[in-house]
Amino acid sequence: MGLLRELVGKLMRHARLVRNVSLGIENLLLHKLRSFLTMLGVVFGVGSVVAMLAVGEGASKEALEQIRKLGSNNLIITAVKSMEDETTGTTRSFMSIYGLTYEDHRRLSETMKTIKKTVPVKLVRKEGFVKARNLELRVVGTTPIWFDLVQRPLIAGRVLIGSDVDEQAPVAVLTEYGARRLLATENTIGQTLRIGSDAFKIVGIVKSEGGEAANIQLPDQQVDAYIPIDVARVYYGDISFRRTSGSSEREMVELHQIIVQVDRIENVEATAKAIEGMLKRFHKRKDYIINVPLALLKQAEATKRTFNIVLGSIACISLLVGGIGIMNIMLASVTERTREIGIRRAIGAKKKQIITQFLIETVVLSTIGGIVGIGLGVLIPSLITYFAGMPTVITLWGIMVPLFISGGIGVIFGLYPAARAAEVDPIVALRHE
Amino acid sequence: MNKFEPSRSHEDIVRLEDAYKIYQMGRQEVSALAGVTISFKRGSFWAIMGPSGSGKSTMMNILGCLDRLTKGSYFLEGHDVSTLEDDALSEFRLRHLGFIFQSFNLIPQLTVQRNIELPLYYLGWDSTRSAERARELAFKVGLEARLDHRPAELSGGQMQRVAVARALANDPQILFADEPTGNLDTKTGEQIMELLVELNHQGKTIIVVTHESHIAAHAQKRLYMKDGIIERIGGETDETRQVS
Chain A
1 MGLLRELVGK LMRHARLVRN VSLGIENLLL HKLRSFLTML GVVFGVGSVV AMLAVGEGAS
61 KEALEQIRKL GSNNLIITAV KSMEDETTGT TRSFMSIYGL TYEDHRRLSE TMKTIKKTVP
121 VKLVRKEGFV KARNLELRVV GTTPIWFDLV QRPLIAGRVL IGSDVDEQAP VAVLTEYGAR
181 RLLATENTIG QTLRIGSDAF KIVGIVKSEG GEAANIQLPD QQVDAYIPID VARVYYGDIS
241 FRRTSGSSER EMVELHQIIV QVDRIENVEA TAKAIEGMLK RFHKRKDYII NVPLALLKQA
301 EATKRTFNIV LGSIACISLL VGGIGIMNIM LASVTERTRE IGIRRAIGAK KKQIITQFLI
361 ETVVLSTIGG IVGIGLGVLI PSLITYFAGM PTVITLWGIM VPLFISGGIG VIFGLYPAAR
421 AAEVDPIVAL RHE
Chain B
434 MNKFEPSRSH EDIVRLEDAY KIYQMGRQEV SALAGVTISF KRGSFWAIMG PSGSGKSTMM
494 NILGCLDRLT KGSYFLEGHD VSTLEDDALS EFRLRHLGFI FQSFNLIPQL TVQRNIELPL
554 YYLGWDSTRS AERARELAFK VGLEARLDHR PAELSGGQMQ RVAVARALAN DPQILFADEP
614 TGNLDTKTGE QIMELLVELN HQGKTIIVVT HESHIAAHAQ KRLYMKDGII ERIGGETDET
674 RQVS
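Those sequence lines, one after another, are chains A and B.
Counting with the numbering used here, you get residues 1 to 433 for the letters of the first sequence.
Counting with the numbering used here, you get residues 434 to 677 for the letters of the second sequence.
Read the hints as simulated data drawn from the structure, not as lab findings.
Everything numeric in this text was worked out from a predicted model, so none of it was measured.
Mixed in with the good hints there might be a few duds.
[As the list claims (entries may be wrong)] Once the Cα atoms are required to be at most 20 Å apart in a straight line, the calculated SDA-like pairs of lysine to any residue come out as:
#1 A/Lys201 - A/Glu249
#2 A/Lys351 - B/Glu565
#3 A/Lys350 - B/Gly615
#4 A/Lys350 - B/Lys620
#5 A/Lys284 - A/Lys32
#6 A/Lys32 - B/Leu556
#7 A/Lys352 - B/Asp519
[To be verified] Reference excerpt, derived from the structure (chain B facing chain A, CB under 7 Å, subset only):
#8 Asp520
#9 Ile540
#10 Gln542
Backbone N, C-alpha and C fix where the C-beta goes; we use that ideal spot for every residue, glycine too.
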């Protein structure tokens, strides 16, 4: 019985709240334009908070996605022509020699405990043919480990395996893009790919990403063809020609890239430092760069945090302005309704009930403003995505928080006017004209 | 100082004992009530009279639990209300008192029905029951056809009748009327007074504050105030008892 009574009591209080809210809404509807204008501040405030969160979330999701493509445990060491060579190379030397060496790769894979896997990458630009179709390929001489470190879905066939390397088998793995450009058929595996004058058997097709992630070139490109590294070395050697405007130049590069996988994420930065130290000892010039996706990830997050704080403060200021707007109008409303307050008090309304009445009005006002603002805040990011191509993500969290904030604003900025209303002296109020 | 020894009978619904209300006006102290002792019997009809500044409004505010005494005691329905806090006073007004004002004091944005329902809302009645009660009361004051109107659409007399209906909603023991006919023409004023007399006959204690003697004539007893004290009390037949 007690439980039933409690339940009924709870229901009654609930009904009372509903009634109070509907009375509040009725009162606000008496001054539609005023209520609407008062609400606008919160609408824009909440709208900007929601939009800001969506843009921030979108940016961070994109960054995370990109870092994931690079592999957060990976370090990417890329050969670069150092600046001195770039300016003086053609005149001074007959051939520029730079980049990573087979020896570098051996040392890295054998000496460092925190390094789990390493993969050497040798790049050659060659034209590839399948029957009459051709495509400018980036021939990637590598080992099967490549496919562990640069994880892309396998579309057909298989990736490179140990025996390909051991036997120096002339096999190639194409990318989905390359396969489509060269073959335009479903049945691609087993066909012959000619690279320059050499024939390779196509054994598999993988997806490829291409492009950049967080300002690092992704290790794979759409026009890749993966072949065993020793095959590349034997077929193409270490020397290549590069045609620059007018003159041609010879380069000798053993390895263009070494990708390293570190055992644990905590060791990534230390390992990067150790590699840097080691390479410095064996390279006279700095003809390599070490990219640390994890560091970029951290940097991206720090940037995002700063970005969010700046945008967040601006949005908060507009919310504050909205709140002050509400408070201002509510104070005016209290003055305007002094007599009503007096009547209610004379009839027997307690101060608490007067406070509740006015507080409900402000909370209703700010919450409706908040809901409209959320609508606006959902619309703006989709426009940003549509027109500026920036990714935006709206999370449940990014909607609930501003909604509660707008309700909170109603309470905070409503309390003072409501308290003022409750302090109205009924005797004076009843004489108020 | 003049004193009317209150008869300490339980029939007394209102009893003031040596009541003072002192206002601070700058550096000066002004006694709006300067030691008033009086009791009203249950079911009586009193008129409080006096020139402006005599303390009759203060008297009304004190009796109506809208204000508190500076000194002295006030017993209402046997409770000492002079010691009550604001919330408890509100509760007392809500449960035991009804008010009628000179300027009607209806809430303009609410319909007649909602105005009448107002005390019931604070009493926590549900809407169906309040609506029923409001209809009943509107019928009693002859305004059942106007329930959905807003105060601005009514005449002065009608507005005052709505106010009477509202004052009756909580079924109060005492009805206070502060110059209830002040904003009405003579004929409508008379109608309102007749309504009050009828309510008095039904057992309500009624206290009217007025400065018009023809209004006061409806009351059984008249209390004349001057400078914060009771000057004299007039009986039903208007024979007056001069106070020393």
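Q: Of all the hints given earlier, name the ones this structure violates by number, lowest first.
A: 1, 2, 3, 4, 5, 6
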